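On the provided structure of chain Z, position chains X and U as indicated by the hints.
Protein chains in written order, with this note's numbering: chain Z, 1 to 270; chain X, 1 to 183; chain U, 1 to 375.
In short, the hints are calculated from the structure, not lab data. Here the structure is a predicted model, which is why all the values come from computation and not from measurement. Please note: incorrect hints may appear among the correct ones.
[What the hints assert, rightly or not] What the simulated footprint calls covered on chain U by chain X, stretch by stretch (three residues with Cβ under 8 Å from a Cβ of chain X suffice, anywhere in the stretch; the number is not a length):
| id | stretch |
| --- | --- |
| 1 | 4-14 |
| 2 | 175-182 |
| 3 | 275-288 |
Just so you know, even glycine gets a beta-carbon here, dropped at the ideal spot from N, CA and C.
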Amino acid sequence: MKRYLRQQYMPHIWCPGCGNGIVLGALLRAISRLGWDQDRIAVVSGIGCSSRATGYLDFDTLHTTHGRALAFATGLKLARPELKVIVVGGDGDLAAIGGNHLIHAARRNIDITTICVNNRIYGMTSGQASPLTPKGRLATTAPYGNVDRPFDLCQLVQAAGATYVARSTTYHVRQLCNLIAEALENRGFSFVEAVAQCPVYYGRRNRLGTAVDMLKYYRDHAVTVRAAQSMQPEQLADKIIIGRLHHVVEPDYESEYARVMEEARRRADR
Amino acid sequence: MKGRVEIRIAGEGGQGVILAGIILAEAAAVWQGLNATQSQSYGPESRGGASRAEVIIDEEEIDYPRVRQPHVLLALSQEALDKYLPDVRDGGVVIVDQDRVVPPACPRRRLIEAPITRLAREKLGRAIVANMVALGVLARVSGVVTLEALRSAVAHRAPSGTEEVNLRALELGYHAPVREVSD
Amino acid sequence: MSERGEIRLVQGNEACAEAALAAGVRFFAGYPITPSSEIAEIMAVRLPQLGGKFIQMEDEIASMAATIGASLAGVKAMTATSGPGFSLKQENIGYAALAEIPCVVVNVQRIGPSTGMPTSPSQGDVMQSRWGTHGDHPVVVFCPWSVREVYDLTVHSVNVAERLRMPVILLMDEVVAHMREKIEIPPQVETVDRPRPSGDRQDYLPYDDSSDVPPMAAFGDGYRFHVTGLYHGPSGFPTTDPEVADRLIRRLCGKVQRRRQQLALTSAHLVDDAEVLVVAYGAAARSALRAVREARSEGVRAGLLKISTIWPFPQEVLLSLAARVRRVVVVEMNLGQLVLEVERVLKGRAPVQHVGRVDGELVTPEEIRAALEGV
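Excised from the complex, chain Z in its bound form (with noise of 0.2 Å):
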């Protein structure tokens, strides 16, 4: 793991107890488990605590615009089609003003795996509502309570096409290796939720205690893929569920564009 971090720029920059790391970590072993050459890989981030990871990681690494990050890592990986290429973004950042990207890099189905962590709130800026934040929850800018309603974003990116889609949290951290291994082996848009406390910016204001007592939560509250389907949808209302939502084979967008180009080259030489 040690060699996948560029230990020179450690300490990091997150809170005591934050999640982030717990899904960098998931990420790292599920890299480590697969084998990949370190030297043809490519993560790439917007603006946010979660986008920081870039920084500290010894692959290629890109550190954009805010809510941008699937945009320029699309434009990279079609440029370089061998990279392995990988985003990890937050949930305002991928869902908020990157929100059009994400629905449309899942439409392409272009062969990058995306990682959300999502703690429900904006934490690099200290705390505003996030479009995960749940309704009624507090944040600064929802200093009454939030009205807006929050997105499923699995179900959001399942519908825009993504092949893969998973979700767990920073509780179930094995489960969460499993899942970001497999996103990364799937060949086409992959995305995986990870569910990850902020007990900041989120939990403190919301008072749902310290980081332990935030997993805590995830562990309580989780319910696996198999479970939610034999429950109704208001047992279902406050609970997490967790593993591989949807996985189809499709062709990815590469694969695609290489047949244009073949079909280009065939009548410009005719």
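Relative to the frame of chain Z, chains X and U by itself:
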């Protein structure tokens, strides 16, 4: 003609006005060794609406790329004729489709009438090539480009598979019966 | 080059696309917008024939982002747009400037602000092309007045972007973009590739400031480096150290500033005995040249300075020409943008008059002649 020659081709969208402008410019510039600049304007609709192509031909380098006082106006609709006739310079040539246009008085210009669309429809069964018939008329009446240069440009620019009918339309226009109306 | 090129009647947008390909551009990301869409359409046909990649992105912001991403992969990359899209691209243009990612952004100007009149020409984006993104940043902007110059300046834009590791803006206008003219397409053009590192991975500093344009590795080449829009030191890792920050921004702006004279492209017409100097660029300079010629036939000793490098502004050339004339007339299709720069440079040495037009029509020789002959 010598020096800078300004040509305006105008009609309705769908009449091939822009393509006629491009072919005229290409004939002059690529196949006759002159300089030419072609520009265009068209309404938002690709069918209907007004459409206008402008071509400037000169032996010298062309500076201002817009037509100010055309030496030649090819008007394929009544609206185009009414709108652009006042711009035509004294001694200029105005070419109209005699079946589509009722020409107003046209003092100090040469008004040329030809059965442009009718020839395309009756001789070739394709009203859509009226633009090439018109170019043929324009070449003969104005002398701004040679028929040979136009032939090369048509062969090069006409949509694939339509070269033959467009070339025939061009010849038809070049040899069309024209009537010079003088007041 | 002894070999003859192909003589063709070419539209400005087509010349831009073909020149980009000749210069080695192999990636284009774009979003449909009038009056630049022909560039994207031609790239969609041509790039896959040449082993390159074209992608229509979901919006203008994404097009700029994908262009930068592709360039980081080591591929020469370009995007094209018009005013509204140029506005949307600004944040990522700033990113490319700070992170030193070569790319070309074509802006075919149409009249604005907002949706304006999408098919009508303008030169209203002169200041936006300089200051559109936030913060102090280097900018190079070229502006062509003919289809021939579109071709040449597109090649040059790609080369300058690569040589200086920065975004270069080709500021066209609708007149030049949609006009067709005869050009000879050269069989090949001179191309420039970005400086590449040659040493070991361990020693590689992506933002090594021992030269003002540090060598640039490509992602996937094994250098494993970090690129960020945060201020950064030579290693590429973010910093908040004021000294490092200051050094970075001064180096970035300096790499253009130091090359101001070699970047300055202008041409002077009929200026030798001129008493009144017209300054113009893009399509308006075509009207200006006509006006100058006509004014001369009426006995007015007028000359034209046609500017092809808008930014950095070619102030040395202007100063030397303006020293010989009684007055200066700036012609542009806006209410006064580059004229501010002319006034700044001349500092009252000669009276400056502005001829502007903002109705979506190309400024006419008559309007300019009125300014030349009227006083």
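Against the structure, the hints come out as follows:
no. : hint    : in the structure
1   : 4-14    : holds (count 3)
2   : 175-182 : holds (count 6)
3   : 275-288 : holds (count 3)
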